[in-house]
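Can you build the whole structure from these sequences, using the hints too?
Number of protein chains: 4
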Amino acid sequence: MVYPGANHTRFEHALGAVHLMRSAIGILKLKGQEITDEESDAVTIAILLHDIGHGPFSHALESTIVQGVPHERISLLLMEQLNKEFGGKLELAIRIFTDQYHKHFLHQLVSSQLDMDRLDYLSRDSFFSGVSEGVVGAERIIKMLNVRNDELVVEYKGIYSVENFLIARRLMYWQVYLHKTVLSAEYLLINVLTRARELSAKGSELFATPALKAFLSHQVTLDDFTFNRPVDGRPTLDLFVSLDDNDIIASIKEWQSHPDAVLSYLSRSIINRRLYKIKISKKPIPEQKIALIKEKICSHFRVCDDMMHYFLIADTISNSAYNQIPNDKINVLFKNNKISDIADASDINLSVFSETVRKYFICYPKELDIK
Amino acid sequence: MVYPGANHTRFEHALGAVHLMRSAIGILKLKGQEITDEESDAVTIAILLHDIGHGPFSHALESTIVQGVPHERISLLLMEQLNKEFGGKLELAIRIFTDQYHKHFLHQLVSSQLDMDRLDYLSRDSFFSGVSEGVVGAERIIKMLNVRNDELVVEYKGIYSVENFLIARRLMYWQVYLHKTVLSAEYLLINVLTRARELSAKGSELFATPALKAFLSHQVTLDDFTFNRPVDGRPTLDLFVSLDDNDIIASIKEWQSHPDAVLSYLSRSIINRRLYKIKISKKPIPEQKIALIKEKICSHFRVCDDMMHYFLIADTISNSAYNQIPNDKINVLFKNNKISDIADASDINLSVFSETVRKYFICYPKELDIK
Amino acid sequence: MVYPGANHTRFEHALGAVHLMRSAIGILKLKGQEITDEESDAVTIAILLHDIGHGPFSHALESTIVQGVPHERISLLLMEQLNKEFGGKLELAIRIFTDQYHKHFLHQLVSSQLDMDRLDYLSRDSFFSGVSEGVVGAERIIKMLNVRNDELVVEYKGIYSVENFLIARRLMYWQVYLHKTVLSAEYLLINVLTRARELSAKGSELFATPALKAFLSHQVTLDDFTFNRPVDGRPTLDLFVSLDDNDIIASIKEWQSHPDAVLSYLSRSIINRRLYKIKISKKPIPEQKIALIKEKICSHFRVCDDMMHYFLIADTISNSAYNQIPNDKINVLFKNNKISDIADASDINLSVFSETVRKYFICYPKELDIK
Amino acid sequence: MVYPGANHTRFEHALGAVHLMRSAIGILKLKGQEITDEESDAVTIAILLHDIGHGPFSHALESTIVQGVPHERISLLLMEQLNKEFGGKLELAIRIFTDQYHKHFLHQLVSSQLDMDRLDYLSRDSFFSGVSEGVVGAERIIKMLNVRNDELVVEYKGIYSVENFLIARRLMYWQVYLHKTVLSAEYLLINVLTRARELSAKGSELFATPALKAFLSHQVTLDDFTFNRPVDGRPTLDLFVSLDDNDIIASIKEWQSHPDAVLSYLSRSIINRRLYKIKISKKPIPEQKIALIKEKICSHFRVCDDMMHYFLIADTISNSAYNQIPNDKINVLFKNNKISDIADASDINLSVFSETVRKYFICYPKELDIK
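Chains as they are written, first to last, in my numbering: chain A, 5 to 375; chain B, 5 to 375; chain C, 5 to 375; chain D, 5 to 375.
The set of hints was computed from the structure by calculation and includes no laboratory data. It is possible that part of the hints are untrue.
Which copy? The list can't say, so a pair holds if one copy fits it or any two copies do.
Said to hold, decoys possible - Here are the simulated DSBU-like cross-link-like pairs (lysine-lysine), alpha carbons at most 35 Å apart as the crow flies:
(1) 293 <-> 339
(2) 342 <-> 206
(3) 217 <-> 147
(4) 375 <-> 298
(5) 107 <-> 293
Laid out in structure tokens, this is it:
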């Protein structure tokens, strides 16, 4: 919707993260860390599958048709299913993924503030979006990795690369992942799916691919996933993995001509890329501004009160460049073997990077004449 | 299916071709060719829209559900429709596209052996597939363009770049576009759609998105497109442009569980990437080998005679690096203002490049035990 | 000496800065800033020639054979000489370069914290050294440039790119420009030239190319440059521009076998890349450590007191990511037309970036056995 | 002189070739070829040092001051010297380099039509010159390497990459290595050195760095190298390795003001990049044209007869894309284990590539008014 070249997929990302993991394992072994072949395979499997529980349009779906079911849980359920199929061969990968293995640093390679996941997606997204400043020195950071007291650390020579990584990540968040047009499209998609489900619950006739139809007409819960209960006759997990972007888009395309005015309006908006106008602000949006927009929506679309949320979206976004969480710090290893949090290790005071920046936004149809 | 990074789209290609067209226009004007602003806009529109008539999985569709309707014709029909919408503003673009404008070289920029289409797609496909040898010096070739006697020519300093372009194009054809796995997947897709249509004609119940359903249940002709006749209540062109990859894939996914054994087998093969084994040969495949495979298919799948063509695919592919066609040659301009066909202009005898290379292939299910 | 791929030259840098200048002028004109063709040419000439006064191994020479003559002054003198040759055609370029032209923002394009010089050299040095994190979004920053109250400003959408630029610049300083091996080599070179000059002053016989010999045997002053006084029969400026890396290296190569033990030791060290060991520290080097090293040098090399400075180098290096100087700030332009210093405009408190970071270092021969 | 970015060095090339060699060894071992660690080290040393005998401006020097001493011989002599220094550790490397080791394919990795030398320099030169069409798929070709009957072969899947390699190499020769401005500069350099030596032989006073002076004033022979005889008191090999670009350029700079009119004219031409005009032709340059130019040189420069060759250069250049030499073919390995020469293995008739293309050229000063 924003960067025409950004057509890369989770599949490529998974392969890329595996590639980085192999480099990281090689480097750590060269530095004398003991990593057995079994551990090496397991941590590689863990990174390969870490995102497997994402549905199509991941975050939009998590807010709608699989509400309350975090993708990490689905990843785990799928790994467990694969583990059965492969006769227990994913046992160790699962323990590393869930941080139940005694070598904690292996988990950190899969999930931490310097994990192979982030190093890959930042490089990849900056490459395909053309946002060249988002480049992180993934290769260099990996070369600087080491392990002390079972914790992943970065050697002090890599400090500047880590600083750059944090600032590049910050830039990618505000400029790409939370790009205003991206936000507007994502919230519109959430609204489309919410409306479709609402209509479905009311018994309205609605075209959808069979897999999507199942999720629209049933409120699937975490338990349904965990016990793989059948929905419309098919086990929940099977149904979920059969769902992809094609189901969502093919269905929304049809909804453009649905008799429900709200659903068809929203669907046409997204398919024809007539996205809502979005205003982002460092301060909360003033109440009177919101009241004014509501009034205009009410008079223009004849849609008031309970339908209002389909036309006026108001929410906040936030991000911090670095999370100074006790158990997930970026540790720097000095020549004298001392270890410090990156925020303290840098020449400059990086505590500013761990502040959470929050922004407020509203979205509404472009037709409304609002300044 | 083959190159995980090759997720680029026709949209990006159209933008890229426009970018090259602008460079080419700039260069030609610098060299003294008169190109008015109107002509410049028109030739840019022509290249922007040159591929607009392609349906999803272009070549597979052209062999099945829109058989006998070349995509160039649909491109033209869509341009004409846009021309009406925009009050005649595409008039000149259409004349250039159809080579009815007196400045023939403008048409050649859109469609010839050195057009902006080829220069873009070769560069783009080599970049995203990672086949680095496919790189063509598009920028350099464009810098060497000129016009003589209303024909596009390449200045002699660009000869080596053109030679390299021809060889790179040859490589891209045999190594990427006609890659054996690509062929196998494409013919499987053709078979899926053929079977779906066959079942549809027999009145079999079949899930499909509404747009695809219309094409499956009607044999739409060129006349239907030309007169934009309604199919299932919607004008043919509207129906066609509403069709995209999502319709095809979402439908095939469902067909995996269709009661028809052939359709479900083919659909599962493609969705799970269990493609047919393919053998390519410079010589025709021996009759007895084909007979043997038929026999195995008959005994293994209990599918003989009239269904055989779904399981055994036999066809030829061909390509020539350079087509020495009288009206579409690559002309080289020498310092003394003489012009020669590239095949004669080169230091080495390039006539070999204009030979058509033909290869024969067969595809059949991997389950068959054939050496 | 450190990055084998970093063989790029000032000539390429000058061309690159011209390229960026052209983009910047184009963008500013598109945004409605009036820049005449004459001004456009002048600012382009100014950036082309901004570095022309650098001698070979610029900073090492400025500390030795042209001590007290800043390269900016030589650049200006050469521009003035060219101005005479070209009949006054560089008049405006010189006024812009010296900030005497009423359009101050043109000077800022040549020399400020976001000038085309920095944008080019950071991109170029990060590319050729392979320090990928040093990449700055030069193109994007240029697209965000504008002018308000005759001051160059960056539109607020470019804030993240500027933050990244500051952090990338910081990284390039500490990791590349002030790389420990670079420092060690640079100070060794200074010592070689200092010793050669000292010997020359004492009347010692010394091979040198004629141009270098002139500078070794005369203490050339700023006045000698300004009035272009003859040295060894040739005008100072002519002599200076005839000097390049070849003179320095060809001479040092010969000094390896010079009878003076200090000169030959230093020359062999640099030519054979047996650089001094270097220790960098955030705190001043303790006195007793320095005393210890001196003692060892004295006993090992039989070189004490007045020659000591050739074997023990102690100095400081410093850099700040962003200089909050009143007249040279990076200004951000907001949508409401307000302007703020980047340090205040960012979501996060960037004042930390303007702190000067200082480090202390010592260098001494590797032969000494010091921990 | 032509491509401002092409400042890369032999050192980088040597490192790059080592890098490719390591890949090739890894691939061949993966495919089951036995290569011991000792062999692996030796072949890597051989490629690292294969070019070590090149002097500065290699080909120009080989035609002048070290005439009759091929650089391959000097490489070998230096390897032998290093072998003594390292106590025989280069024994095997030398046997591989000189093709005296029983595993012939190891020699082919160092020196053949698909050696690591060519794969590296073509990639490198196309990258740094910006001639993007010169890119060869080095990685892919290496992946396709194998060994049969102790001969290096390319698996049939790599045919298109090899074709592309041959065409790219052809392009690089004619467009970069034999670029007309490169030729003109190279022959001018040969003339400068020839004249300097001639003057030196006549006893004329001439500035030169000591190393260059030794070669100018003595006609050093292959025997002098082989027996490392002293020249001006230093062994020939030591003297030769101490010579680099700096000696040549620093000396030519001084020769600009030499009293000999020919030497100073040639030197100024090269230093100020006022190169001779060059005309290249597929046919021999007509005698009367040459006569005419001679006449003009004679009247304009007052230089006739025996000095003429400094002002009028006439020679030929030639290259063939592929040399069909019995002992150095590019062999293609088919699936059925048959092996063919690439010229026969390709779909198209590549014999045309093995034709030698020859061109004729003349160079003369730009001041002459010749059409």
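Hint by hint, here is what the structure shows:
Within a single copy, residue 293 and residue 339 get their C-alpha atoms only as close as 57 Å, which misses the 35 Å cut-off; across copies the closest is 18 Å, which meets it. In this assembly of identical chains, residue 342 and residue 206 lie within 35 Å of each other by CA distance neither inside one copy nor across copies; the values are 63 Å within and 51 Å between. When the C-alpha separation of residue 217 and residue 147 is checked against a cutoff of 35 Å, the pair qualifies neither within a copy, at 48 Å, nor between copies, at 46 Å. Taking identical chains as interchangeable, the C-alpha atoms of residue 375 and residue 298 lie at most 35 Å apart only when both belong to the same chain, with a minimum of 14 Å there against 71 Å between chains.
Proximity of residue 107 and residue 293 under a CA criterion of 35 Å is satisfied in neither setting, with 54 Å inside one chain copy and 41 Å between copies.
Violation of the numbered hints given earlier is confined to hints 2, 3, 5; the remaining hints are satisfied by the structure.
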